[in-house]
Every structure is written in C-alpha cells, then in structure tokens.
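Colleague: The primary structure of each chain is shown beneath.
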Amino acid sequence: MNDFKMTRRHFGLLAAGVAAASAMPFAARAAAGETAIAATFPGNWEDGYRSVLGPLVKEAGYGLTIAPSMAQDQLAKVMASPGNPPYDTLLMSPGQMAVAIENDIIQKIDPSRLKNWGMLDPAFQGEYGPTVTIEVNGIAYNPDLVPRPKGYRDLFENPAYSGLVSWTGFGSNTAVMAYTEMAKIFGSGPNDMDAVFKLFKDHPEHLKGVVDSTNHQMTLFQQGEIAVFMCSTGNVARLKSMGLKAEYVAPETGAPAAPVNIHLTKGAKNLDAAYAYMDAAISKAAQDKLKLPPTEMFPTNKDVALTPEIEAYVTREQLGNMVYPDWVAINKNRADWIRQFDALVAG
Amino acid sequence: MMKAGGFPYVVPMLLLSVAFFATPLAVLVGFSFTGPDGATLANYGRFFGDAFNFRVLVNTARLGLETVLATTLLGVPIALLYWHSGKTARQVIIFLTLIPMLTSNVVRTFAWIVILGRQGPISEALLGLGLIGRPMTLMFTELGLVMAMCQIDLPLIILPLVAILSRTPVQYTEAAQVSGAGPWRIFVTVLVPLMLPSLLAGWILVFASTSSSFVTQVVIGGARNVYVPQLIYREVGTLFDWPLASAIAVVLLLSTGCLLVTMTMISRHRRLVGHG
Numbered sequence: 051m052n053d054f055k056m057t058r059r060h061f062g063l064l065a066a067g068v069a070a071a072s073a074m075p076f077a078a079r080a081a082a083g084e085t086a087i088a089a090t091f092p093g094n095w096e097d098g099y100r101s102v103l104g105p106l107v108k109e110a111g112y113g114l115t116i117a118p119s120m121a122q123d124q125l126a127k128v129m130a131s132p133g134n135p136p137y138d139t140l141l142m143s144p145g146q147m148a149v150a151i152e153n154d155i156i157q158k159i160d161p162s163r164l165k166n167w168g169m170l171d172p173a174f175q176g177e178y179g180p181t182v183t184i185e186v187n188g189i190a191y192n193p194d195l196v197p198r199p200k201g202y203r204d205l206f207e208n209p210a211y212s213g214l215v216s217w218t219g220f221g222s223n224t225a226v227m228a229y230t231e232m233a234k235i236f237g238s239g240p241n242d243m244d245a246v247f248k249l250f251k252d253h254p255e256h257l258k259g260v261v262d263s264t265n266h267q268m269t270l271f272q273q274g275e276i277a278v279f280m281c282s283t284g285n286v287a288r289l290k291s292m293g294l295k296a297e298y299v300a301p302e303t304g305a306p307a308a309p310v311n312i313h314l315t316k317g318a319k320n321l322d323a324a325y326a327y328m329d330a331a332i333s334k335a336a337q338d339k340l341k342l343p344p345t346e347m348f349p350t351n352k353d354v355a356l357t358p359e360i361e362a363y364v365t366r367e368q369l370g371n372m373v374y375p376d377w378v379a380i381n382k383n384r385a386d387w388i389r390q391f392d393a394l395v396a397g
Numbered sequence: 002m003m004k005a006g007g008f009p010y011v012v013p014m015l016l017l018s019v020a021f022f023a024t025p026l027a028v029l030v031g032f033s034f035t036g037p038d039g040a041t042l043a044n045y046g047r048f049f050g051d052a053f054n055f056r057v058l059v060n061t062a063r064l065g066l067e068t069v070l071a072t073t074l075l076g077v078p079i080a081l082l083y084w085h086s087g088k089t090a091r092q093v094i095i096f097l098t099l100i101p102m103l104t105s106n107v108v109r110t111f112a113w114i115v116i117l118g119r120q121g122p123i124s125e126a127l128l129g130l131g132l133i134g135r136p137m138t139l140m141f142t143e144l145g146l147v148m149a150m151c152q153i154d155l156p157l158i159i160l161p162l163v164a165i166l167s168r169t170p171v172q173y174t175e176a177a178q179v180s181g182a183g184p185w186r187i188f189v190t191v192l193v194p195l196m197l198p199s200l201l202a203g204w205i206l207v208f209a210s211t212s213s214s215f216v217t218q219v220v221i222g223g224a225r226n227v228y229v230p231q232l233i234y235r236e237v238g239t240l241f242d243w244p245l246a247s248a249i250a251v252v253l254l255l256s257t258g259c260l261l262v263t264m265t266m267i268s269r270h271r272r273l274v275g276h277g
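Chains as they are written, first to last, in our numbering: chain A, 51 to 397; chain B, 2 to 277.
Quick caveat, the hints were computed from the structure, so don't treat them as lab data.
You may find that some hints are simply not true.
To be verified - Below, computed lysine to any residue pairings styled on SDA-like, alpha-carbon distance capped at 25 Å: (1) A/K316 x B/D242; (2) A/K127 x B/N60; (3) A/K127 x B/R119; (4) A/K382 x B/V30; (5) A/K334 x A/T303; (6) A/K290 x A/D262; (7) A/K382 x B/G238; (8) A/K127 x B/I116; (9) A/K251 x B/F111; (10) A/K290 x B/I116; (11) A/K251 x B/N60; (12) A/K127 x B/A52; (13) A/K295 x B/R119; (14) A/K295 x A/V196; (15) A/K127 x A/G176; (16) A/K295 x B/F111; (17) A/K127 x B/V30; (18) A/K248 x B/A52; (19) A/K127 x B/R56.
Taking the hints into account, I'd like the entire structure generated from these sequences.
Modeller: So, in structure tokens, the structure goes:
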C-alpha cells in the first residue's frame with residue numbers, strides 16, 4: 051500500500067472544505083427563513099414546547115430552537131454577552147423579569163404583531179411579553195410513604211415527615227415562594243427570613259435533604275429517597291405521567307403562584323420568528339395541548355377550557371386568591387438570603 | 002527534542018494557546034480585580050474575609066485528596082494485576098478500564114444515585130447481612146461522593162500506571178526475590194519507585210478532576226457538602242457577582258497549580274524516583 055503523505059496544499063484544501071461544510075447548515079437555515087432561539091425551562095417545559103410549539107412556528111414559516119435553561123441561568127448567559135444575546139426570547143417569572151428590566155436585557159413588545167393577543171385576559175398582557183401560564187406551587191408528597199401534609203407547619207411538627215422532606219436553596223423561585231410563606235407563618239412577615247433560618251436550625255433533620263434544584267428533587271422522589279418536596283403542579287403532573295405515586299396539596303395558608311412570561315431579549319436577531327413563537331405559545335391550538343398531561347399547564351388563553359385535573363388544582367376564579375409574592379422585596383434580599391442559607395446548610 | 006529551526010512549526014500551537022487559553026485566563030484574572038470604582042483587591046478580601054469560603058476551599062482540597070487515596074488503593078492492585086497477566090487478560094483489563102470513560106460523567110453520576118440510595122445494592126447488601134437495622138442512604142454524604150468520584154476517576158490513575166508497567170519486564174521482581182527480598186520489600190523498594198512518576202501524574206489528574214467536578218458534587222454531595230465549583234456557579238448563575246466568581250476561580254486555579262508544582266518537584270526528586 052502506498053504511504054499517505056499530506057502536503058501543505060492538501061491540508062489547506064481540507065481545512066477550507068471543513069469550513070465550507072460547517073457553514074452549510076447556516077446557509078440552508080437562512081434560505082428556509084428565520085429561526086427563533088427560545089430559552090425554556092428544562093424537563094417538562096422543554097419537551098412540551100419543542101413538540102407542541104415547534105410545528106406551529108414551522109407552519110408560520112419559521113424555525114424554532116428550544117434551548118433549555120433555568121431562569122437564573124438564562125439571565126446569567128444574556129448578561130454575559132451584552133448586545134449579542136444567545137437567545138431571542140427568555141422564559142421567566144416576575145422575580146427574574148425585574149432583574150432583566152433593571153439590567154436592560156429585555157425589551158417591550160409590539161402586541162399588534164401577535165394575532166392571539168386579544169385572547170389573553172388583560173392581566174396576562176404584559177408590556178414585556180405575554181403570560182403563557184400561571185405556575186401554582188404547593189407541596190408534592192408520596193401517599194405511600196407519608197400522610198397528606200396540611201401545610202408547611204405540619205412538615206416541621208409531625209414526626210412522620212422527619213428525614214423525608216427535601217428543600218432547595220434560595221436560587222429556586224419555588225423555594226423562595228415557600229420560604230416567604232413560612233416566614234409569614236413562623237415569623238413577623240414574608241421577609242422575616244431569620245425566623246425561617248431559626249426553624250431549620252431547630253430542625254436539622256430538614257437540612258439533610260437540601261439539594262440544588264426541583265429537577266434533582268424529582269429524581270430523588272422517583273428513587274424513593276425523599277417523600278415530600280416543594281413543587282409546582284407541573285412537577286406533580288410529570289411524576290404522575292411517569293406512573294409514580296405523587297400527589298399535590300395546596301398549603302392550608304394558600305398556594306403561592308407565579309405567572310410565567312415570554313420576553314423578547316434586547317438585540318434579538320430573529321424578531322419575526324420570535325413573535326411567531328410568542329404567538330404560538332398563547333394560541334388556542336397550543337394551549338389546548340399543553341393543558342393535558344404530562345405538562346398540565348394552566349391556560350392563559352380564555353378560549354381554552356380547563357381540564358378537570360387542572361380545576362382540581364385551581365380554577366380561573368381562584369387565580370385572584372393565589373399568593374403572589376412581592377418580587378421587588380425578594381430581589382432586594384435574595385443575595386443575602388442565598389449566602390446565609392448556604393452557610394447554614396453547610397453547617 | 003525539537004530540532005534546530007523547528008520553531009515555525011510550534012507557532013500555530015503557540016497562537017492557539019494564546020488565543021484560547023492565555024487570553025481567557027488573563028481576562029478572568031483581570032476581572033477578579035475589578036470593582037465599581039476601578040481596580041481593586043476587594044474581591045479577594047471578600048473571599049478570604051468569610052470563614053465559610055475558606056472552609057469550602059479546605060473541603061474541596063480534602064475531597065480531592067480522599068479521592069486520590071481511594072483511587073490509588075484500588076488502581077495500584079489493578080495495574081499490578083495487568084502487569085502480571087497474559088495478553089488476553091490485559092486486553093480485558095484495558096477494555097474494562099476504558100469502557101466507563103465512553104459514558105458521560107452525568108450518566109455515571111445519576112447511576113450512582115441508584116447505587117447509593119436507600120433501595121440500592123449497598124443498602125440492601127448491608128441489610129441482608131444484618132449489619133444495619135433499616136435501609137440507609139449514602140446520598141448527600143462525602144463518603145458516597147468519594148465512592149462515586151473514585152469510580153469516575155479510576156481510569157485516570159490506572160492508565161498512566163499501565164503505560165509504565167507495560168514497558169517494564171516482570172523479571173524485575175523476580176530478580177529482587179532471588180536476592181532475598183520479601184513481598185513488602187519488593188513493593189517498597191522496587192515497585193513504588195518504578196510507579197512513582199505515573200502515580201504522580203495520576204494523582205494530579207484525579208485531584209484536578211475531582212476538585213472541579215461540578216455535576217457529581219452537586220448531585221451526590223447535595224447542598225450540605227459545598228465545594229468551590231458550586232461557589233463559583235452560585236456567584237455567576239444566581240447572584241451575578243462575576244468579579245467575586247472570577248476571584249474564586251483564580252484561587253481554585255492557584256491552589257491546584259501549587260499542588261501541581263509540588264507534585265512535579267517531588268517527581269523530579271532523585272532519591273524518590275530511585276536514581277539517588
């Protein structure tokens with residue numbers, strides 16, 4: 051067999067070929083129309099949005115790339131590349147929205163570009179983007195392992211839950227909402243976090259199950275490592291769809307809730323595609339599918355009827371009675387709470 | 002050794018190193034000295050001023066050293082088994098060492114949740130033997146984390162050992178035996194000096210890999226066992242305090258670098274490597 055010899059000319063041609071080949075998908079994409087790069091939460095959201103919204107956006111003549119990322123991570127990534135955002139749209143709750151506005155990384159939208167805008171209740175028509183669902187939070191539990199908890203107080207006072215409850219740090223919105231509720235119960239008000247820290251100090255068995263995210267808690271729940279965690283109704287729907295024994299309970303003091311919005315990043319490169327994606331997310335066609343298991347998202351489009359399963363969690367009339375935290379106050383204290391809680395957990 | 006006039010061939014490598022390693026590193030270091038009013042040492046002051054951060058640094062070093070010890074205790078016998086085996090057995094050992102490396106660390110980490118959990122094989126075995134009265138979990142413990150890290154990083158210590166032993170005749174030990182040396186004496190005076198350079202390389206790789214293994218630390222260690230990568234992630238991803246995150250990253254880099262230099266100096270010590 052002849053020896054293979056590569057000359058500099060061959061190497062140059064090979065390099066040029068590789069460069070041309072790697073550029074081809076972009077060229078092909080450009081020819082097919084814009085593609086929106088949409089950040090969504092990982093897990094249920096990612097799967098649901100990819101399978102339901104992808105085809106709808108394609109029908110409108112655009113592409114959709116779903117990029118899974120937690121809300122805090124979305125913020126960090128966009129802040130790391132000012133003027134050149136990695137995403138065209140972000141998916142966030144009001145806590146992160148306030149940070150995004152403060153750091154000038156999202157822009158007000160033009161509602162006239164959304165055909166389905168009028169189908170949203172005025173409460174869901176934000177100037178920084180539409181509300182696509184309301185995340186209702188509460189407590190998830192395994193009925194085979196523990197009794198149905200009444201609320202947060204029960205978790206600390208009933209020995210049946212000892213060592214089986216998992217919590218996350220203040221980086222998680224779900225956790226922050228639970229902690230502000232606990233601060234009301236055990237302290238003087240929603241921002242009296244010293245009372246919550248004292249509660250954990252007095253119940254060190256609760257510190258053993260602290261992990262970094264709700265997704266991680268779902269894995270541990272699945273493995274029988276934990277039996278209770280602070281959740282959204284979507285988490286329970288996902289666990290149930292996997293055939294697991296998981297139940298949701300609204301705390302007796304009220305269920306904390308957070309609207310979830312799609313925002314347009316400042317400097318978004320694919321505006322038309324981003325609007326097509328936003329419009330698809332609030333359309334009846336999409337929300338009729340996303341309200342079903344395993345996502346069971348609360349529909350914000352008023353033409354979409356609630357399923358009996360969603361109505362068991364919350365009805366449209368009950369939305370006004372949900373506990374909506376004061377995110378401005380939370381954001382002011384959040385960094386301090388995160389550091390204090392981490393130090394407490396690490397002992 | 003590079004021939005005279007070989008410099009031009011090194012230029013592309015140098016340019017790549019400057020562009021993709023030295024420059025980002027310089028940006029990171031520069032960022033760690035920035036504050037609202039310009040250049041400052043305040044970020045380092047904030048890091049070392051908080052006893053919690055110092056404890057995290059010590060925890061990270063301890064985790065690295067514990068994993069180094071565990072991988073050494075497991076890796077050396079496997080490497081010696083390889084040395085004394087025939088061709089087929091050697092292939093099997095190399096295959097079994099390399100196969101886990103083809104699986105993502107994330108997947109291996111999540112597999113460890115099952116192994117270390119209440120209903121996992123460790124708990125079941127201990128329960129079956131009557132050593133424990135009720136199911137136990139090794140999740141969220143440093144012991145569980147070291148076990149997982151040990152499995153993940155074991156190839157990093159076995160492969161350098163195998164590389165050096167495969168070039169060494171087995172007759173070395175036979176010669177020592179003929180000269181009247183016992184098994185321990187052979188191990189200490191013949192095998193250890195022979196393996197030391199590879200061991201040092203393996204220790205550096207295992208220590209660096211363990212101390213920066215964010216996913217495994219978070220998933221297996223939980224939030225109670227905090228290590229430096231989690232601290233950096235918290236500052237960047239949750240608190241958006243990048244100057245402090247950069248300062249922490251520089252501290253991690255320097256502490257790992259110090260260990261690297263120490264190890265390199267040891268590996269060049271004439272008496273230790275058997276040339277004294």
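Colleague: Hints first: check each against the structure and report whether it holds.
Modeller: Structure-based check of all given hints:
1. A/K316 x B/D242: Holds, at roughly 21 Å.
2. A/K127 x B/N60: 28 Å, violated
3. A/K127 x B/R119: It is violated: about 37 Å lies between the C-alpha atoms, which goes past 25 Å.
4. A/K382 x B/V30: The hint is violated at about 29 Å.
5. A/K334 x A/T303: Not satisfied, since the Cα-Cα distance of roughly 33 Å exceeds 25 Å.
6. A/K290 x A/D262: It holds: about 22 Å lies between the C-alpha atoms, which stays within 25 Å.
7. A/K382 x B/G238: Holds, at roughly 17 Å.
8. A/K127 x B/I116: Given pair A/K127, B/I116 is violated - Cα atoms ~34 Å apart, limit 25 Å.
9. A/K251 x B/F111: 30 Å, violated
10. A/K290 x B/I116: 24 Å, holds
11. A/K251 x B/N60: 22 Å, holds
12. A/K127 x B/A52: Since the Cα atoms of A/K127 and B/A52 sit roughly 29 Å apart, the hinted pair is violated (cutoff 25 Å).
13. A/K295 x B/R119: Holds, because 17 Å separates the two Cα atoms, which is no more than 25 Å.
14. A/K295 x A/V196: 11 Å, holds
15. A/K127 x A/G176: Cα-Cα ~23 Å, so holds.
16. A/K295 x B/F111: It holds: about 21 Å lies between the C-alpha atoms, which stays within 25 Å.
17. A/K127 x B/V30: 20 Å, holds
18. A/K248 x B/A52: Between A/K248 and B/A52 the Cα gap is close to 20 Å, so the pair holds against 25 Å.
19. A/K127 x B/R56: Outside the cut-off at roughly 29 Å; violated.
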